[in-house]
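Mind the numbering: the sequence shown is residues 6 to 163 in my numbering, read in order.
Any given hint might turn out to be false.
As the list claims (entries may be wrong) - Simulated crosslink set (DSSO-like; lysine-lysine; CA at most 30 Å straight-line): (1) Lys140 x Lys28; (2) Lys31 x Lys141; (3) Lys140 x Lys31; (4) Lys138 x Lys31; (5) Lys141 x Lys66.
Unchecked claim - Have a look at the derived ranges for each label pair, beta carbon to beta carbon: (6) Lys139 x Trp46: 17 to 27 Å; (7) Ile120 x Val15: 36 to 46 Å; (8) Ala32 x Ile77: 25 to 35 Å; (9) Pro119 x Lys72: 25 to 35 Å; (10) Lys31 x Tyr90: 18 to 28 Å; (11) Lys31 x Ile159: 42 to 52 Å; (12) Ile13 x Lys139: 23 to 33 Å.
Hints listed in this document are in silico derivations from the structure and should not be mistaken for laboratory results.
Idealized CB from N, CA, C, for every residue including glycine.
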Amino acid sequence: MSSIILSIAVMIAVVYAALARLKSGKALVSVSSISYILPSWMFTTFFGVEMLLLSPVLFEKLPEVWKFLGFICMLGLWAVAASPYFRTEATTLHNIGGFGFCIVAQIIVGIINPILLFGWMPVVVYILSGLLKKKKRSDITFWAEATAYIILIISLWE
């Protein structure tokens, strides 16, 4: 059952990002930047639905002693959903939620399947290649957020 739930979560995320990419016509700077491309209600709904889909799988997969991390992870998504326009007074709530989700998600990955943390290597290479070429990449945040999400999903898969 968790595979079905995770498949739905991934499909929603891919469609959501693709819609934003098509509408903007350029690479996404971050997942949060989508709130300025698509209507804010879609942003809040997207994160709310992702939270509802991921929660049961997180709580099922985490060992009893670590289940509180699933709650913290979901609070991070809730904070992001509650503050779609991050370039306003909601910046602090949005950033705490976003960073909190990504960091705690990777702690969860480290508990469930630490080898998956090597999935960060392509992002590190991408960042380093940009630094070596002295080329400023505007989409690093998007790829870091996507990597955190993808690695979490893979770790939760049955």
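*Which hints from the list above does the structure break, by number from lowest to highest?*
5, 6, 7, 9, 11 and 12
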